[in-house]
Amino acid sequence: TRKKKAKLSRNDIHRYSRHLLLPEISVEGQLGIVNSSMLVVGAGGLGSPACLYLASAGVGRIGVVDYDEVEVSNLQRQVIHDEERVGLSKSTSATIAMTRINSQIECIAYNYLLDRSTALDLIKQYDIVLDCSDNPPTRYLLNDACVLAGKPLVSGAALRFEGQLTVYNHHGSPCYRCVFPAPPPPETVTNCGDGGVFGPVTGIVGTIQALEALKIAAGVEPAYCGKLLMVDAMSGAFRTIRLRGKRKECVACGDGATLTGLETDYEMWCGMKANDKTQSLAVL
Amino acid sequence: TRKKKAKLSRNDIHRYSRHLLLPEISVEGQLGIVNSSMLVVGAGGLGSPACLYLASAGVGRIGVVDYDEVEVSNLQRQVIHDEERVGLSKSTSATIAMTRINSQIECIAYNYLLDRSTALDLIKQYDIVLDCSDNPPTRYLLNDACVLAGKPLVSGAALRFEGQLTVYNHHGSPCYRCVFPAPPPPETVTNCGDGGVFGPVTGIVGTIQALEALKIAAGVEPAYCGKLLMVDAMSGAFRTIRLRGKRKECVACGDGATLTGLETDYEMWCGMKANDKTQSLAVL
Amino acid sequence: MKLTLEFTGGMELLFQGTKKVSVTLPEKVTTVKTLLPWIRDSLLKSKPDMFMQGDTVRPGVLVLINDADWELEGQLSYELQEGDTIVFISTLHGG
Amino acid sequence: MKLTLEFTGGMELLFQGTKKVSVTLPEKVTTVKTLLPWIRDSLLKSKPDMFMQGDTVRPGVLVLINDADWELEGQLSYELQEGDTIVFISTLHGG
Ligand SMILES: [Zn+2]
Ligand SMILES: [Zn+2]
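Residue numbers (our numbering), protein chains in the order written: chain A, -8 to 275; chain B, -8 to 275; chain C, 563 to 657; chain D, 563 to 657.
Chain A extracted, bound-state conformation (with noise of 0.2 angstroms):
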């Protein structure tokens, strides 16, 4: 693993001045920010403006996983992403612009689908998880995931002109099965290729993904811990409110919870696919 900065070197004090200024960051904060890894579960409108935020910010150690190929579709909104690398992976699209912004990160592409196999071993080589994904298996997973190794994860998800957020698992907030301890029915999920999406919507979601991330590694309490942010772009309202605590019987982070590993089979307990490409026709 890689080494801790003790201090910040002379490029970073001149590259990151604009925080160093801020006296809720200093430099203190933006040591926590250069020495923190976070891991972005996904690299589309979401995952687009949280890795750039998170590059320029300077979090020295950024994965992003993503098993999907860059196509013309998501230029509408996957700014990350840029017409001459229409055919690439979009985790190595992601890192490659990451990589331009900051060469002074290290940035790592994970070209695959995250499965159980895969999620709990990669989730405990990062500190904070990004869940910019766009289904309710890989949702649970990385919920599982998160729970199973300690790590705070920063949940965001858009559909038209709507985006939800909050932060799981952190400070004594709910897990994603504490607040859905029941998957949706399948009819009743609908992905941003069957329903559409407002390309800014995923832009708002996906930099406050990175917003509240680079809170907490900057020592900063994030805002929305325990908290849901519900976004509603057409009618410009952004509305907060309080969700439940821990669920006592939640089975992933409750008194009595049975979750030892990632043994449930995410996609047949949903009913769905993790790839949408295949996922069933949405009603909803």
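Calculated from the structure, these hints are not laboratory results. Given the structure is predicted, the values throughout are model-derived calculations rather than measurements. Think of the CB as a built atom: it goes at the ideal place given N, C-alpha and C, for glycine as much as any other residue. Treat the hints with care, since some could be wrong.
Stretch by stretch, here's where chain A covers chain C in the computed footprint (C-beta under 8 angstroms, at least three residues) [what the hints assert, rightly or not]:
| hint | region |
| --- | --- |
| 1 | 565 to 576 |
| 2 | 598 to 605 |
| 3 | 625 to 631 |
| 4 | 635 to 641 |
Anything over 10 angstroms on all C-beta distances counts as not near chain A; from chain C, calculated [what the hints assert, rightly or not]:
| hint | residue |
| --- | --- |
| 5 | Thr580 |
| 6 | Val583 |
| 7 | Ser584 |
| 8 | Leu587 |
| 9 | Lys590 |
| 10 | Thr592 |
| 11 | Thr593 |
| 12 | Pro610 |
| 13 | Asp611 |
| 14 | Glu644 |
| 15 | Asp646 |
| 16 | Val649 |
Based on the hints, put chains B, C and D with the ligands in the right spot on chain A.
Structure of chains B, C and D with the ligands alone, referenced to chain A:
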């Protein structure tokens, strides 16, 4: 001037399919976007995400004005630039990035400081203006030019952990001078170089500027006409407040408006330079 | 009793796109437990399974009582108050 | 009378970083016109010019009365009500 498209090409339909699926946008709204032109003033923290999302969404012609050059300390938040383009003019750097994302649109770099002699002619060539600048003289200049030319002004600002956003001069909303008839004392003005700014805050505000501009182009009513959005990224509070209507006595847009051209010496009137490199030391 | 109901995250598509509606409840509807079937029978035009399963909301729907997760307010047993706002949110999964 | 005062956009830096404070006003403070000098004299520790000019706020400060621009509420002549929230916003210019 560019010829308006009467219908979307086959490529457009594929590229913008996630917008076409949205009943509020659909073919008509996307045609509005591809036939629109927008001027982004400032390719910094706000202009970076704004340009990325405008280009991705397919705005037909995007102009970017910035007199400044990319430097390393910009890369902490100005995610449209990269290390290789350090030293290049920001407007050129931004147009390179936008063209890489979307070669179907026209991108024009204006590598100069917007001033009285150039502003009005330039703004007349665009449908919608985004104020992504960083100083009061430029903000008043832009406002007056937009009032004279009858263009909506999507205005954003960010500092430290806070952001502000509104749409001036559109569908009866006030202009910048209606709300702020007199310029702030120079010693109360802080820029990001003096006060610092947390990177994702500029990302959130700049992305919402793109959202609002795209909604106007698509024929959807923007959310922040006559309303001010205030973002506090530390507490996670998004607050929307009602602004006054047009002020009858406004010299720019009021009943007896005396503004007939850009006669004001904006820098002298504000007591400060529009070029932040020579800005006086700010204390608040 | 008068309440405000809101539907978001796609739930509104079950209610002809209605995002917010004021309703006057019959006297027998006093709790969330009785509110759910009333909404299903009075406001929903089709697809009741997309709204309820058994005597509660279907998985993937979050209910808010005055901007707080209904779990904090007693869930189904919550006694409705004049002027309450009850929000039904369909969770989003897209990215 | 009790009010809530909020300071944002950098205004809080004039008040030792206080973003929100509950205050109890003396009886003679009944309007925004009398509230401003009371804040200046009672809460502000230094730099009164950064807060007021003449009998109103300095240019570049927006005042909100219960989440609405004070121009909509009568500006200086607004009669304060028990429980009002008055917000002072310093406009941001950065980008
Ligand atoms: Zn749990
Ligand atoms: Zn005006």
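So, going through the hints one by one against the coordinates:
{"no.": "1", "hint": "565 to 576", "result": "holds (count 5)"}
{"no.": "2", "hint": "598 to 605", "result": "violated (count 0)"}
{"no.": "3", "hint": "625 to 631", "result": "holds (count 4)"}
{"no.": "4", "hint": "635 to 641", "result": "violated (count 0)"}
{"no.": "5", "hint": "Thr580", "result": "holds (14 angstroms)"}
{"no.": "6", "hint": "Val583", "result": "holds (15 angstroms)"}
{"no.": "7", "hint": "Ser584", "result": "holds (17 angstroms)"}
{"no.": "8", "hint": "Leu587", "result": "holds (23 angstroms)"}
{"no.": "9", "hint": "Lys590", "result": "holds (28 angstroms)"}
{"no.": "10", "hint": "Thr592", "result": "holds (23 angstroms)"}
{"no.": "11", "hint": "Thr593", "result": "holds (19 angstroms)"}
{"no.": "12", "hint": "Pro610", "result": "holds (12 angstroms)"}
{"no.": "13", "hint": "Asp611", "result": "violated (7 angstroms)"}
{"no.": "14", "hint": "Glu644", "result": "holds (21 angstroms)"}
{"no.": "15", "hint": "Asp646", "result": "holds (14 angstroms)"}
{"no.": "16", "hint": "Val649", "result": "violated (8 angstroms)"}
Of the numbered hints listed earlier, those contradicted by the structure are 2, 4, 13 and 16.
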